[in-house]
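Visitor: These protein sequence lines map, in sequence, to chains A and B. Residue numbers for the first sequence follow this note's numbering, so the first one is 2 and each next one is one higher. Residue numbers for the second sequence follow this note's numbering, so the first one is 2 and each next one is one higher.
Incorrect hints may have been included.
Each pair may be met inside one copy or between any two copies, as identical chains are not told apart.
Said to hold, decoys possible - Computed cross-link-like contacts, DSBU-like style, restricted to lysine-lysine with a CA-CA straight-line distance of at most 35 Å:
| # | residue 1 | residue 2 |
| --- | --- | --- |
| 1 | K106 | K151 |
| 2 | K234 | K151 |
| 3 | K12 | K106 |
These are computed hints drawn from the structure, not numbers from a lab.
There are 2 protein chains.
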Amino acid sequence: MNMQAIESIDKLRLVLGSLRVGSVVGLVPTMGALHAGHGRLIQQARTDCGNVVVSIFVNPIQFDDPRDFQLYPRDLSSDLEFCRARDADIVFAPTAAEMYRRPLKSFVDVAGVTEHLCGAFRPGHFRGVATVVMKLFGIVQPDRAYFGEKDAQQLATIRRMVLDLSVPVTIVGVPTVREADGLALSSRNRRLSAEERRVAPFLYQTLQLAGGRISAGHRDAREVREEALAMLKHREIRVEYIEIVDPDEMRPVDRIDGPVRIAAAIWLGSIRLIDNLLCAPA
Amino acid sequence: MNMQAIESIDKLRLVLGSLRVGSVVGLVPTMGALHAGHGRLIQQARTDCGNVVVSIFVNPIQFDDPRDFQLYPRDLSSDLEFCRARDADIVFAPTAAEMYRRPLKSFVDVAGVTEHLCGAFRPGHFRGVATVVMKLFGIVQPDRAYFGEKDAQQLATIRRMVLDLSVPVTIVGVPTVREADGLALSSRNRRLSAEERRVAPFLYQTLQLAGGRISAGHRDAREVREEALAMLKHREIRVEYIEIVDPDEMRPVDRIDGPVRIAAAIWLGSIRLIDNLLCAPA
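Please construct the entire structure, taking both the sequences and the accompanying hints into account.
Guide: Set out below in C-alpha cells:
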C-alpha cells in the first residue's frame with residue numbers, strides 16, 4: 002500500500018476502520034522535524050504492527066513559551082519523505098483548526114510524575130502533552146504507541162495516564178538515539194550555533210560520569226548531583242535542573258538504593274536541551 | 002447468551018474482545034440501585050446494540066460528601082436480577098480496588114459546562130464523573146454510551162469531553178422517567194421520608210410552571226427564576242439553586258432568546274434532589 006497523508010480526523014477514522022480488522026495498529030506521535038530518533042520509533046512500530054500511523058502535529062497547548070512554539074522547526078514535505086522512506090502506512094498531519102475545532106475545555110492532568118524536573122519549570126506542559134496524546138489515542142485508536150526515552154518524564158506521564166484511566170493502548174518506550182559524540186537527537190538541535198553544538202555533548206558526558214559514580218557504589222544522591230553540577234559549569238551552559246529520581250515516580254531520591262534516572266535540562270543560549278540516563282547501583 | 006456478571010477488568014476485556022467483532026457494543030454506566038430510569042437506558046441500548054454492557058460502580062471520587070457516598074443505596078443482587086430481566090449481556094460490577102488499583106493520579110477536567118449549577122456546589126464532582134466515564138470507556142470500548150437527561154449537566158460534560166478529546170464513543174441522551182406525580186426517578190428517592198416524598202413533586206411542578214411562563218412568551222430569565230423560587234417556598238424545602246441556562250454551555254442566560262434548560266437542585270432534609278426541563282420560547 003502506498004503511504005497516505007491525511008489531515009482530516011473523519012477521513013483518518015474511515016481509512017483506519019477498513020484497515021483495522023485483524024491487524025495491529027501502531028501510532029508514533031511526533032511534532033515533526035523528524036530525525037533518526039523518530040526513525041527508530043517508526044522502525045520499532047514497523048516491526049511490531051501491521052499498520053503504522055505517524056502523527057505530525059506541533060501541539061500548541063504543550064508549549065509554555067510562545068516563542069518556542071513559533072520557532073519550533075516545521076518541514077512537512079521532508080517529514081512525509083522521511084516517513085515514506087521508512088514504510089509508514091499513514092501520516093496524520095492535522096492543522097490546529099482540525100484538532101481543536103472549538104475552544105478546548107477538556108484536559109487530562111497527571112499528578113505526581115509531573116511535579117518535578119521539567120514539570121516544575123514548564124507549567125501546563127504535561128497537561129498539554131497528556132491531553133493531546135489522549136486525543137490522538139481517541140482519533141487513531143492504536144493498539145500500541147511509541148515514545149522516545151529521551152523524554153523520560155513524558156513517557157512516565159503517559160504510562161501513568163494509561164494505567165490510571167485503563168486506556169487500551171500498549172505504551173512502548175524506545176531508547177534514545179545519539180550522535181557519535183553522545184548528544185541526544187532532538188528537533189531543537191538544528192537551532193544550535195556552532196559553538197553551542199560543540200558544548201552540547203557535555204550534557205550526556207556529565208550524565209555518564211554521574212552514572213559511573215553510582216555504578217561505582219556512591220549512594221548519596223546529593224553528593225552525586227553536586228559533582229554533576231560542578232562538571233556542567235561552563236560559560237555557555239545554564240543548568241535548569243539536574244536530578245536523580247525514582248524511574249517510575251520521577252521523584253528525587255536521597256539515597257540510591259535501586260535503579261534511578263539521572264535527568265537534566267540545560268540552556269545553551271535560547272535553546273533548551275534535556276537528556277537522561279537510567280542507571281543502577283552495583 | 003446468558004448474562005455474565007464480571008468484576009475483573011482483564012476478564013471483561015477478554016470476553017468483550019470475542020464479542021466485539023461485527024457487533025455494536027453499548028454501555029450503560031450506572032451506580033446501581035437500578036430503577037425504571039436505568040431500565041429505559043438499558044432498553045434503548047438493547048434496541049440499538051448487539052452487545053449491552055451495564056456497569057455498576059458507586060464511584061467514590063465523584064462524591065463531594067463522604068456521608069452521601071456511605072449512604073448511597075447498594076443492592077447488587079437485585080440489580081443483577083434487574084439487568085437479567087432486561088436482557089443485558091454483561092454486567093460489569095468492579096470493586097473500588099479493581100477500578101483504582103493504585104492511588105489515582107490522572108484526572109479529566111472539563112471546564113465551562115461544569116462551572117454553574119451542581120458544579121458550583123459539588124467541588125470535584127464532575128471531575129470524578131468525567132474521569133470514571135473516561136476510564137469505563139477505556140475498559141469497555143463501547144461504540145455507544147447511554148446517559149439519562151435527568152443529570153443534564155453530567156450529560157453536557159460527557160458530550161463536551163467526547164468532542165474535545167475525540168473519544169470514539171457516540172453519546173446517547175435518554176429522557177427522564179418520572180413517577181405518576183412527576184417526580185423524576187432517582188436512586189436517592191428511596192431515602193425520602195413519607196412527608197418528604199409528598200413534597201418532592203413540587204420540584205418538577207415548579208419547573209413545569211416556569212416552562213409554561215417561557216412558552217407563554219416571558220423573556221426575562223431573572224423574573225421567571227424569581228417566580229420559580231417563590232413557588233418552591235416551603236418549610237420542608239431548601240433550594241440549592243434554580244437557574245435558566247443555555248442547554249449546551251450550561252451557563253445562566255439573562256434573556257430567553259432560544260431553547261433553554263431550567264435546572265434546579267433542592268434539599269429535603271438530608272436528601273438532595275435535582276431535576277431539569279428543556280423548553281423553548283414560543
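Visitor: Which holds for K12 with K106 at a C-alpha limit of 35 Å: within a copy, between copies, both or neither?
Guide: Both: 24 Å inside a chain and 34 Å across chains, each within 35 Å.
Visitor: Pop the pair K106 and K151 into one bin, within, between, both or neither, using alpha-carbon distances up to 35 Å.
Guide: Both ways: K106 and K151 sit 30 Å apart in one copy and 23 Å across, limit 35 Å.
Visitor: 35 Å Cα cut-off: does K234 pair with K151 within a copy, between copies, both or neither?
Guide: Within one copy only: 22 Å inside, 63 Å across.
In the structure shown, no violation is registered for any of the earlier numbered hints.
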